[in-house]
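Peer 1: The lines below spell out each chain.
Number of protein chains: 4
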Amino acid sequence: MIKVGIIGSSGYTGGEFLRILAGHPEAEVTYLASHTYAGSRVGDVLPAFAHAPWVFAPVDIEEMAAQCDCIIAAVPAGAAMELAPAVLAAGKKFIDIGTDFRFHDTQLYKKWYGIDHSCPDLLPKAVYGLPELFRDQIKGADLIGNPGCYPTSILLGMAPALKADIIDPKDVVVASMSGVSGAGRKPTVTNHFPERTENLCPYGVASHRHTPEIEVQAGLYGKTEVQVSFTPHLVPMSRGILSTLVLKLRSAMAEDAVRELYEEHYRGEEFVCVLPPPALPQTKAVAGSNYAHLAVRVDERLGRLLVMVAIDNLGKGAAGQAIQNMNLMFGLDEGMGLRTVGLYP
Amino acid sequence: MIKVGIIGSSGYTGGEFLRILAGHPEAEVTYLASHTYAGSRVGDVLPAFAHAPWVFAPVDIEEMAAQCDCIIAAVPAGAAMELAPAVLAAGKKFIDIGTDFRFHDTQLYKKWYGIDHSCPDLLPKAVYGLPELFRDQIKGADLIGNPGCYPTSILLGMAPALKADIIDPKDVVVASMSGVSGAGRKPTVTNHFPERTENLCPYGVASHRHTPEIEVQAGLYGKTEVQVSFTPHLVPMSRGILSTLVLKLRSAMAEDAVRELYEEHYRGEEFVCVLPPPALPQTKAVAGSNYAHLAVRVDERLGRLLVMVAIDNLGKGAAGQAIQNMNLMFGLDEGMGLRTVGLYP
Amino acid sequence: MIKVGIIGSSGYTGGEFLRILAGHPEAEVTYLASHTYAGSRVGDVLPAFAHAPWVFAPVDIEEMAAQCDCIIAAVPAGAAMELAPAVLAAGKKFIDIGTDFRFHDTQLYKKWYGIDHSCPDLLPKAVYGLPELFRDQIKGADLIGNPGCYPTSILLGMAPALKADIIDPKDVVVASMSGVSGAGRKPTVTNHFPERTENLCPYGVASHRHTPEIEVQAGLYGKTEVQVSFTPHLVPMSRGILSTLVLKLRSAMAEDAVRELYEEHYRGEEFVCVLPPPALPQTKAVAGSNYAHLAVRVDERLGRLLVMVAIDNLGKGAAGQAIQNMNLMFGLDEGMGLRTVGLYP
Amino acid sequence: MIKVGIIGSSGYTGGEFLRILAGHPEAEVTYLASHTYAGSRVGDVLPAFAHAPWVFAPVDIEEMAAQCDCIIAAVPAGAAMELAPAVLAAGKKFIDIGTDFRFHDTQLYKKWYGIDHSCPDLLPKAVYGLPELFRDQIKGADLIGNPGCYPTSILLGMAPALKADIIDPKDVVVASMSGVSGAGRKPTVTNHFPERTENLCPYGVASHRHTPEIEVQAGLYGKTEVQVSFTPHLVPMSRGILSTLVLKLRSAMAEDAVRELYEEHYRGEEFVCVLPPPALPQTKAVAGSNYAHLAVRVDERLGRLLVMVAIDNLGKGAAGQAIQNMNLMFGLDEGMGLRTVGLYP
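Residue numbers (this note's numbering), protein chains in the order written: chain A, 1 to 345; chain B, 1 to 345; chain C, 1 to 345; chain D, 1 to 345.
Hints are not guaranteed to be accurate.
Restraint-style ranges between C-beta atoms, simulated for each label pair [what the hints assert, rightly or not]:
no., chain 1, residue 1, chain 2, residue 2, range
1, B, P278, A, D256, 58 to 68 Å
2, B, E300, C, K163, 26 to 36 Å
3, D, G303, A, K111, 16 to 26 Å
Non-contacting residues of chain C with respect to chain A, defined by C-beta distances greater than 10 Å in every case (computed) [claimed, not checked]:
no., residue
4, I2
5, G39
6, I166
7, H192
8, R196
9, P212
10, G268
Please keep in mind that the hints were generated in silico from the structure rather than gathered at the bench.
If you're wondering where the values come from, they're calculated on a predicted model, not measured in any experiment.
Beta carbons are placed, not taken as given, at the ideal position from N, Cα and C, and that holds for glycine.
Sequences are here, hints too, so could you generate the full structure?
Peer 2: Pasting the structure below:
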């Protein structure tokens with residue numbers, strides 16, 4: 001039984017870990033740490049756990065490293081880099097849900113996040129935790145930078161086309177739409193219910209910090225320079241991300257040929273489902289699950305490939321993917337505890 | 001491994017059975033029958049199952065009775081009574097999600113549902129499947145009338161007060177509010193998204209067919225005549241029922257005393273959670289789960305007891321409860337496959 | 001042209017005043033005051049006014065009283081009593097959207113709101129601004145306590161039955177359901193979008209501060225003691241209140257007779273619409289309007305009268321009703337500027 | 001007083017005409033025709049009009065042409081072309097909300113809509129009713145093809161850049177997101193509330209019929225060939241469209257310069273609001289209104305111009321714009337009856 005410690009367990013991603021791990025046969029949460037709610041009943045903070053006797057503990061990283069096999073941190077940018085060294089020094093594994101270990105280039109990190117990295121020596125050991133792209137490295141890793149929710153959806157949508165070199169990697173236009181849980185649990189006027197319901201808006205236009213993550217990881221995977229115009233939008237729902245990628249085909253291809261390429265690429269991948277036409281992805285079909293639903297279309301008139309991908313931002317986009325990484329790191333069945341189907345309707 | 005056949009598996013309750021049973025270690029769905037979608041891929045009809053290779057089969061009740069240990073029917077009123085006899089004759093178990101086996105009194109059934117019962121001889125064997133009230137009978141049953149969603153919430157809220165005889169059973173006023181999935185999957189103008197979002201209305205005022213079900217079962221449980229003023233409302237959400245019961249205390253009681261009575265009554269019940277104050281039930285905390293969350297308050301000024309209960313209408317209010325009944329009928333751990341926590345947020 | 005000054009104009013009710021008064025032919029907002037946003041562009045705070053050149057002014061009550069004919073305050077409990085005296089002293093009219101002038105009994109006010117009233121001498125002049133109940137007093141008033149949103153819906157539902165003395169005024173059970181805008185614009189975890197969407201809960205059970213307001217005003221109108229069990233619920237929508245009143249008929253009455261009584265009572269009332277069966281009120285039909293939709297049903301089995309009322313909490317429940325009062329106070333056509341129909345769908 | 005007849009007045013766009021025209025001082029609806037609901041009370045079909053005494057009339061186009069000054073048709077593709085000739089023959093004006101008079105090229109219309117045009121001789125007289133682009137032609141027109149909702153938002157977003165020739169007109173990528181009311185009132189499983197709430201999906205990928213409308217009208221306005229990759233998405237809300245245009249700048253331009261160009265272009269346009277940074281458009285700010293909110297951003301890194309536009313699909317995207325056209329056609333103040341501000345929150 002893997003002993004898991006979670007830091008930031010009172011937030012949305014933290015709660016999703018508790019929910020998923022409650023059904024994991026080979027892992028259990030033994031340390032629930034929260035900066036904000038230490039001492040509170042978990043059920044008072046996360047009402048779905050009203051029946052649970054648990055109480056949040058304070059964040060004591062040495063103690064956690066001593067007691068747990070794997071520490072998962074769902075904390076703001078800059079906080080995980082203060083926690084990881086102690087965990088690795090204790091010979092335990094660390095998964096950062098945030099951004100601190102997604103970039104090997106500290107300059108780039110500084111540029112977009114404004115933070116000087118405090119443990120650059122650990123970065124060469126950090127693996128970007130997107131199993132469908134980097135499974136082999138993840139298996140041997142002790143330190144994971146778990147991907148962002150938008151990048152997960154977009155990288156899954158681009159990977160087959162990049163690998164097969166059928167698109168121009170510098171002409172990538174993406175519109176993504178996200179549920180509000182991606183913004184976290186801190187209340188704001190922007191996400192106050194009356195302002196957000198029946199409302200739709202773009203945000204972070206030409207400036208969202210997931211842009212370099214997408215470009216760097218797509219570039220590493222495709223071994224080429226990738227440029228992405230990425231525009232996120234906020235949609236009146238709690239969970240779910242849908243990304244629509246508009247790609248430029250290098251030369252004309254029939255839609256069937258592209259779909260076969262995608263199907264072949266993802267054959268054997270348990271959590272990526274290339275939908276048969278006429279189906280298109282919808283976020284509700286993957287809500288609460290670790291699945292990614294994907295469809296491709298070719299616009300022959302314009303020579304463009306359109307790829308649509310739906311995930312749950314808290315599932316495949318955060319906690320689900322982290323558990324998938326944990327399973328790989330500990331040599332378990334990769335999908336263990338993750339086969340729950342989307343809550344539809 | 002219990003072999004389960006589901007009739008009406010393309011609807012919302014049917015889909016919920018597939019979702020729950022996918023995680024049940026001792027039962028598997030071996031026969032997915034649908035009148036409407038026989039021959040279709042399940043994933044084309046229920047998009048959360050896009051990855052599943054299943055195809056809906058036609059409804060052939062003899063074949064199902066031969067192949068399965070337990071048949072669950074999620075069909076309209078009047079349809080299950082045509083199916084149950086063949087299943088019982090084959091020595092198998094039958095759970096009706098609908099209304100055909102909830103009443104022993106065929107006159108009352110006829111009055112509210114307008115249907116002559118076609119197998120009144122089976123009714124004495126039918127057990128009302130609310131485990132927290134009638135567990136012992138369920139354990140020995142072959143035929144279950146699975147409770148309605150509203151009655152489940154209301155009976156759980158009344159049971160301790162009825163048993164302890166602290167309320168006037170003829171002065172019960174209930175306002176219930178339900179998500180729209182309770183109305184099923186057939187599209188109507190009333191539940192067309194633009195009309196239902198940001199909208200709230202009562203319906204079935206002084207005439208809803210769950211009224212006699214509540215009164216009869218509460219009466220049987222409390223061994224007294226019960227009269228309920230029941231008003232349901234439709235709320236712009238997919239899942240969830242909240243019932244607020246306004247009861248008249250026979251004599252003054254402190255709130256703490258009532259809460260202790262409720263806690264004592266439900267001690268050991270895995271799926272009923274009496275919330276500690278100041279918590280009040282909220283539907284999202286139980287969404288996708290088999291839990292019922294319950295709180296009590298006493299209005300000393302008016303001598304009234306208020307009980308609020310939240311369930312998922314498709315979970316504890318339908319499919320979850322049916323699996324709980326199935327577990328009891330087959331001698332399994334009652335909560336097997338049902339311990340998933342609510343999808344919050 | 002009536003010059004109107006609004007205090008608290010950056011909140012939801014304040015914004016609704018601006019929206020309504022933009023279409024009022026005989027009144028204009030000449031002073032938009034905000035404690036929080038003084039100096040900010042109105043369009044930056046209230047995005048529907050992006051095209052407007054207005055800037056919020058600070059709250060300077062003497063200056064406002066000097067410049068305006070009518071001051072409307074949408075401020076927290078306890079704040080309006082500090083503002084009203086200066087306005088009345090200047091010979092101008094004052095409408096308090098909040099609670100400070102709804103009670104003549106300072107003891108009762110203190111008990112429920114915990115505030116010592118600072119100008120009890122003004123209370124005898126204060127009129128409770130529900131035109132359908134107290135029109136004549138409103139016409140001559142300089143000081144209005146504008147009704148709460150819940151009380152408006154409930155008093156409109158009870159008034160005809162009280163006046164005709166067909167119900168027991170001490171056996172009144174009300175369940176109300178409200179959109180979230182009623183809670184104001186201050187963000188909280190409770191009303192953070194991901195927690196509120198697809199969620200439903202009761203709150204303020206047996207303790208909501210609108211209870212005494214309902215009882216007092218119903219008592220004054222019906223000239224009898226009224227006791228109300230009132231339970232509010234929070235529903236995942238922005239606007240709208242629906243109240244379901246369960247009343248005890250003194251003696252059996254046919255539904256048609258009750259409906260005729262209600263229709264007769266409200267004949268000539270422009271903003272109260274008694275719906276013909278089988279219609280029932282729905283909040284969306286009155287969203288953004290000053291209308292109240294009402295339906296009655298009789299449960300002959302239980303001898304109960306059910307009355308359902310829908311309003312927009314920001315319209316008839318706040319700003320719309322205040323404008324209706326203002327029109328009356330200034331001798332204008334009562335419905336001027338208020339005939340906008342609900343935004344459906 | 002202009003006498004207006006509406007055909008298809010029981011649908012969402014029809015209802016929006018009734019709502020807007022109820023507040024129009026120089027026009028009144030004198031003929032409400034409905035194929036489906038002739039003989040029904042309007043309030044039974046459109047619940048916001050519960051107080052109105054109106055009854056739907058059958059569609060008798062000769063009678064309508066005789067009685068009315070202006071006929072507005074909100075009918076399916078192919079139906080308006082059967083109605084317009086009689087109206088024009090009677091010397092009256094006709095506004096088609098649908099698609100029959102948006103294209104002068106009958107071949108193109110046939111290709112995308114599959115319909116042979118029955119009155120091609122009228123097409124040279126038909127004007128595309130987007131006042132901000134084609135105001136002068138509209139003023140003299142008797143026959144208007146009212147723009148589609150998506151094209152309205154996209155054309156408003158492209159027009160200044162096209163006119164100033166700062167973008168490549170063949171490299172236009174648009175992601176649009178729409179509320180569900182755009183799909184009309186006919187209930188479907190796709191738009192059944194439980195399936196649509198908390199759900200998000202693309203549709204009509206690389207095949208939506210608004211594509212040629214956008215390309216043709218943008219081309220006419222910009223006097224150049226325009227190619228648009230257009231992907232619409234369905235969002236869980238009733239009203240509102242947001243379009244995000246990703247355009248390729250011909251050469252580097254500072255964001256301020258582009259914004260000034262847009263501001264200058266729309267100076268004096270009452271219903272187009274170029275938002276000052278950091279504001280971005282949000283659909284709720286324009287809900288129920290005729291306003292378009294627009295913002296521009298330049299991604300200097302990629303040399304791209306991003307334009308975001310929000311409208312109400314039933315307002316500026318349909319009924320509001322048609323009234324704006326009617327005002328122009330009859331020589332009235334263009335914004336008469338249309339100055340209602342968005343219903344926020």
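Peer 1: If a hint holds in the structure, say so; if it doesn't, say that too.
Peer 2: Consistency of the hints with the structure:
Evaluation of the 58 to 68 Å hint for P278 of chain B and D256 of chain A yields a pass: the beta carbon distance comes to about 59 Å. Our hint of 26 to 36 Å for E300 of chain B and K163 of chain C holds, since their Cβ atoms are close to 30 Å apart. For the pair G303 of chain D and K111 of chain A, the beta carbons lie near 19 Å from each other, so the given range of 16 to 26 Å is met. With a least CB separation of 29 Å from chain A, I2 of chain C remains clear of the 10 Å interface cut-off, as annotated.
Consistency note on G39 of chain C: stated as away from chain A, and its beta-carbon is indeed over 10 Å from all of that chain's, at 18 Å minimum. With a cut of 10 Å on Cβ distances, I166 of chain C stays outside the contact zone with chain A, its closest approach being about 38 Å. A beta-carbon of chain A comes within 10 Å of the beta-carbon of H192 of chain C; the shortest separation is about 4 Å. A beta-carbon of chain A comes within 10 Å of the beta-carbon of R196 of chain C; the shortest separation is about 4 Å.
With a minimum CB-CB distance of about 27 Å to chain A, P212 of chain C clears the 10 Å threshold, and the non-interface call stands. With a cut of 10 Å on Cβ distances, G268 of chain C stays outside the contact zone with chain A, its closest approach being about 34 Å.
Violated hints, in rising order: 7, 8; the structure is consistent with all others.
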